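K.L.:
Mind assembling these two chains? They're in different frames, but the hints should get you there.
As you go down the protein sequences, you meet chains A and B in turn. FYI, in the UniProt record's numbering the residues of the first sequence are 1 to 425. FYI, in the UniProt record's numbering the residues of the second sequence are 1 to 482.
Watch out, some of these pointers could steer you wrong.
As the list claims (entries may be wrong) - In silico DSSO-like links for lysine-lysine, alpha-carbon gap of 30 Å or less:
#1 372(B) with 170(B)
#2 455(B) with 469(B)
#3 455(B) with 471(B)
#4 454(B) with 471(B)
#5 395(B) with 454(B)
#6 108(A) with 218(B)
#7 471(B) with 395(B)
#8 218(B) with 170(B)
#9 70(A) with 108(A)
#10 185(B) with 218(B)
#11 380(A) with 454(B)
#12 214(B) with 108(A)
#13 108(A) with 185(B)
#14 455(B) with 380(A)
#15 469(B) with 390(B)
#16 390(B) with 185(B)
#17 376(B) with 469(B)
#18 395(B) with 380(A)
None of these hints come from the bench; they were simulated from the model. Remember, it's a predicted structure, so these values are computed and weren't measured experimentally.
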Amino acid sequence: MATIKQLRTLQSINIIRAYARRYQSTSTAPTTNDASVEPPPPPGGYLPSLASSRLLRTTRERALQAPGLKWTDEDGTSPVREIVGGRDTRKMNLYQAVRDAMSHALMKDDTAVVFGEDVAFGGVFRCSMGLAEEFGQERVFNTPLTEQGIAGFGIGLAAMGHTAIAEIQFADYIFPAFDQIVTEAAKYRYRSGGQFNAGKLTIRTPTMSVGHGGLYHSQSPEGYFLGASGIKIVIPRSPIQAKGLLLSAIRDPNPVLFMEPKILYRSSVEQVPADDYELPLSSAEVLIPGSDLTLLTWGTPVYHCETALAILADPPSALLPLIPESLRGASVELIDLRTILPWDVARIEASVRKTGRLVITHEASMTGGVGGEIAAEVQKRCFLNLKAPVKRVAAWDLPVALHYEKFHIPDAIRILDGIMETLIY
Amino acid sequence: MISSTRRTFSVHRAALHRRYLATSAPQGPSGHHGLLPGSSQSAITSKLHFFNSVMGNDETIPTYRIISKDGEPVEGATLPNIDEGFGRRIYETMSTLPLMDNVLYNVQRQGKISFYMTSHGEEASIVGSAAALAPDDEILGQYREAGAILWRGLTVEEYIAQCFGNDEDKATKGRQMPVHIGSPKYHFHTISSPLATQIPQAAGVGYALKRDPKRRGKNCAMVYFGEGAASEGDFHAGMLLASTIPSPTLFFARNNGFAISTPSSEQYHGDGIASRGAGYGVDTVRVDGNDVLAVLSATREARRRCVEYGRAVLVEAMTYRISHHSTSDDSFAYRARSEVDNWVKSDNPLSRFRLFLEGRGWWSSAEEEDMKTRIKKTVMQAFKRAESRKRPELKELFRDVYAGPEPWNIVRNDAFRHFYYSKHRFINAFPSEFFATIANIQTEQREELATLLKKYGQVWEPWKRELVKFKGSGQELTQVKK
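Chain B extracted, bound-state conformation (with noise of 0.2 Å):
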């Protein structure tokens, strides 16, 4: 195992000599190099000369773009290999963001559910991404990135039940707010609202799929992110290790303009994220986010890139979000409607990729209904079987914790016990008290709250109307024996 993982090592080492062979700084006229450590591989030179571009003579990072806006293939480019059956399912899975948002959307503004996030605009960065990577890459997300896990397999009634927080919420158990996703078994890790802080984390998701001799060479760590979260000092620390640190780490920028409020004029003065790659030694490259075929053809080279050096990779989707940032957001308070009207109509990424489809004769006005009539019915099913579903059983709210024993302060008075004798053999000191202790053990924090659902639970308004709401109505709590 060790040896083989030094074998990769050398190759990106080779790599990395190439890489700086390539786009080194310009030579000096003696074409000798530096001395110092931090900079050995600099060239000296007599001109004094500021620069702010890393493309060189202040040009910025171009974008790359494949098809056009009337759905046609972009002069020079080279269309990604993809058949009529895979083109079909991007755009049916980036179709079914809008009508399962729409729904969930609404269904927030009912106050059936706490809150919500949509991913208008952004189908196509999430969705082609997605279609780029193996299906057991490892994804860590931000929270925009429904797409990704429903590419991979995820039900819409799986989704919904998260958002839901019902008794079939298997991501959550109804802990995290809604849109909080996760899955194994789609190798999605659950996405968590702190933002940045699944960015170093993919660092080390990747290093351990370069030790492990099963994935090594096979699979990387996908990880979301938005332009405001790289601002984030966890962004820079996670392009640093998977830098330094090499690891088959693929960073993806959903740069959508908007962070919340605040326009990315105000965000960053660079030019966007994708220069600060080659400031971390990273392969990086700039994508037009609403063409699903060129971020998808752009990952899919990162990912090769990624997977083959065993090094990280940047790639920038330039995108727009047309939704508001949330439901708890009205963005027109920062923005005028016009200018969201006007992407919706000029730059759609939706309808681009159904014009493609239909210049190549894969896709026609009447697939499109059935499509959307198919995917609203089993919107409304799943929402309408989440909402008539309780939520999981009450003692879901002391779980999982800790692994093994659980703690004296959350654990039930007879577990307690148990554990104790069980585990404790070693206690000899002062038998008598101790036995004493245990027979007195206060009430700890799961046995109070059952104490005081017994006395109020019926009684008590506010409480009384929630725990209808849960499987059993908390009573696997109150009629424990001790």
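So that you can see chain A by itself, here it is in the shape it has in the complex (with noise of 0.2 Å):
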């Protein structure tokens, strides 16, 4: 046990020395990836919050090189086009771009329909602002208030090869759903042999914190449907995201819950493209990329993940004593995971495998979490390259307590110790 311990420190104090080195040797400038975007910003910086965050794509050329954008042009027969020039794109926040998606869907599919509570005067998030004028109250129209209605219809409509875009006006509000969701849905065409499927269904829904969302209009429920085989889960950090993966989830051949972060509708802006487009499902994308740790996340904790980095890069003077000099140069990989289910297994064992370290970070709380899923998974893939045990960085197994939020959610400074006590293991 003693040798162990002393082989630990041993390799701590040398995975040190090389963040020194690799920190003087400036290494860490971005690979030839286009999907990566600059490493936080050196010292003497700012720390990143939505309205600055490098993460989002705020000019027309940035927007258009969004990686993995698949153009899914006019009438669907003509080829993809791969050339980005003369396409335009508009300044969106996320509930425009999840407006502006489920437009492109209602126009090119006539069997598409969008309802939910509330959703034919524009949604209580705006989402569906000005459809229902636009294509029509048989196609986008209210429910009466019963989410398992909403969900028992939309799979009905799906059945019948309908597109179905139905809304749960909070995912703390999806649990009434959960029997037709996990024992319907997912199970509709393997249980008739694949003679019937629910294929066409979407089901939206806003997730995650917001500040003042107490227990219920806070929650993360994506962990309940892990083990619903048959169902995919979707979580998008930005506008050109959801624009992309929702077109993606409504014309995917199974039915898909889209989790929209909520406080990220009117926060994060980017310029999206303004024409119709997809990104992959099943697909991580990595945000930053590094060596030393991979750091795991998908929807709002992507931004605190990029407060976190800075702040290890640069550390305010308040926190200058806690923050190791010989860390600052860590270069950690962020990774968006963006769809839960199923998970993207190879880019993360990818990530793991060359970093030998792995901070997973979730707004839901750490038992029966997704992060709990894909420590296994990654043991059992990496298990002789890990250098630090999975660290999760989840919220408290705890209910969401109104005043107590800041407490309780994994935020910046959280991460950021998760990332340091990994490093330093």
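P.N.:
Set out below in structure tokens:
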């Protein structure tokens, strides 16, 4: 035991030395990967907020170069154009991007309908603004206040080959529909020997915390659906992602739960390609390449991670004593998982094999969360590569208490601490 | 497409208005109405009056009947328009049910199939209602509606193949329990065990029919459920949805008095299921479920309203579950054998209709004997065929979970590699590590099972015994080359 401890200490020292060397040699320049963005700014910089996040693509050029973007042009029969010249972008926040995606879906597919509680006047988060006026009340309509009904109704439409885009007003209220989603939608194809399916169903729902949502306007229930083989779960981090992933979700031949981080509806703004495009499901995206630690997340915490990395590289004075100088040059690979089920195991495995360290952070509670599943699989695949235990930075195993949110969800400082703990293990 | 849908909608509004005029609450002295948005049609009254009956005067909803227990038309009843061939076909389909049920019930008792549920006592409700539909109306059932899919032409062989889950089981590929039948050819959505989930789905199916220019005004969605299932939240949701988002959805409740052991008196305190229909603003009728002509007649009219007005309609068929709930249930644990025997003797839907047919000269004892012999033979042959066949290939265990590329956890390695190379061209980060990953990919779940089968399949008795029951004995899994 002592020997192992000593070895670990030695290892840590070596790693810290390695970081120090790397930091001096400024070798953290981006690789040739288009997917990546520049690493956090040099010392003397700032702490990123959503308004200044470098992960958001605020110019036309960067928007059109979003990795994985697949144009799905006008009538669907023309060849896919790879050239971006001549394409427009528009400044949009996340709810506008969601609306834009649904507008494309409704325009191209006569069978597509949008429904849920209060969607006709534009939705409580404005995601369906103007759609009823544009496409008619037969295609964009309110339902009675019944989540199990909304999900069941959508399954019925989908079983007839119609495109059903249902909304559950908050992910916190998806549980009455749990039965329809897990026992019906997910199993429709399998149990009928492939004769029937509910593949054209997409359920959109606002998720994650919003600062003052309390117990029932804050939850991240993606983990509860992990065992429901047959459905897909997708969570975007930004307007470009929301539009492309939602269009993929709507057109995917499987039922999809599409969870939209509600705090990002207005606060995340990007230039979004105006044309119809899709982003691939079951594909994680490397946002910042790195070699010392893999930081994996999805949805809102992507930006907390960005902040944590900025603090690590350039701590504000109050934190200076708490962040060892030797760690500041650590090269952390930030990955957005994007699809929770089925998740992109190859991308995560490749990253952890390279870095040897994994920190997973999500807003849902620790026990039974998605992080546990990923940690177990990575442990199996990367056992010999791991230099530290997989660290999960998650909400405590508690309901989301109203005035305690700051101390409940994993924010930048907790993520930073998790990164440091894992680096010096 | 949109404009014509709108037209349909305005017709409904007119129909709705008429309905309110026809059945509105008693007018107050001044005849004026409330102004609150939730009840703008409600008359204002100064009399304090509680009520507990949709019929008024504390009366219960009457039951519509056409032929009496001796097969004679009830006084004042109008016989539905049926000819001899149609009547005989209804009777033969009704008669097939107990003959098939008896064999499969016994087959289950011998352990040859895992489970069964019979339709004894409900033959008229099921076949009579199915006979009132167009052959391409969409049916969503609960589980005791075998008669509806047989009426549409599914063969006894196909039904029994599903119960055995053999390689001819197209409906479920051996994945679902017996009696969970389904077929797109017969517009019969595959049965699932969770009760009432099909009810709000039917509202969606109905809405899809209404939006489809080829089927609008021509088809409806028919949803069957028992009175027990009507206690589920999904019943409430389905009725609400089909009434507020008008859709041609025909709700058909089989009220057979029991949900397993729970008598209907412990299921609800109101006037059955029918009394709820009006609460949802849905045209409703209660019918004698043991009178196949009443069921046929009522369902025909229900369907007409459904399709013509594009709105929901509710039919409650009053019947009695002669059979045990299922092969896992002994109903004499909660009801007297004599009660059941009395029902069989006093009100048998089959003998009632047979008497009616004989009264018309459309049926005879000789024909009865011929038919029974013929159906028994068909059932026995189908049973022997089903029993002798293997299960589907073992690989079917892993299929049809997802459409499109299978996810990594269930996919075979070689397919996974192919998928990854072809679909993930955009992967450009860290190619060396990535390819190392591909080369060292872990054994995934299908492959893991194949590996275990190779290792233990011939030495571990419980697996060995099972493997031979599958077509190919699982070799399509174990002999795949990487």
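K.L.:
Look at each hint and say if it fits the structure.
P.N.:
Going down the list of hints, with the structure as the test:
| no. | hint | in the structure |
| --- | --- | --- |
| 1 | 372(B) with 170(B) | holds (28 Å) |
| 2 | 455(B) with 469(B) | holds (19 Å) |
| 3 | 455(B) with 471(B) | holds (20 Å) |
| 4 | 454(B) with 471(B) | holds (17 Å) |
| 5 | 395(B) with 454(B) | holds (14 Å) |
| 6 | 108(A) with 218(B) | holds (26 Å) |
| 7 | 471(B) with 395(B) | holds (10 Å) |
| 8 | 218(B) with 170(B) | holds (28 Å) |
| 9 | 70(A) with 108(A) | holds (16 Å) |
| 10 | 185(B) with 218(B) | holds (18 Å) |
| 11 | 380(A) with 454(B) | holds (23 Å) |
| 12 | 214(B) with 108(A) | holds (19 Å) |
| 13 | 108(A) with 185(B) | holds (28 Å) |
| 14 | 455(B) with 380(A) | holds (22 Å) |
| 15 | 469(B) with 390(B) | holds (5 Å) |
| 16 | 390(B) with 185(B) | holds (24 Å) |
| 17 | 376(B) with 469(B) | holds (27 Å) |
| 18 | 395(B) with 380(A) | holds (25 Å) |
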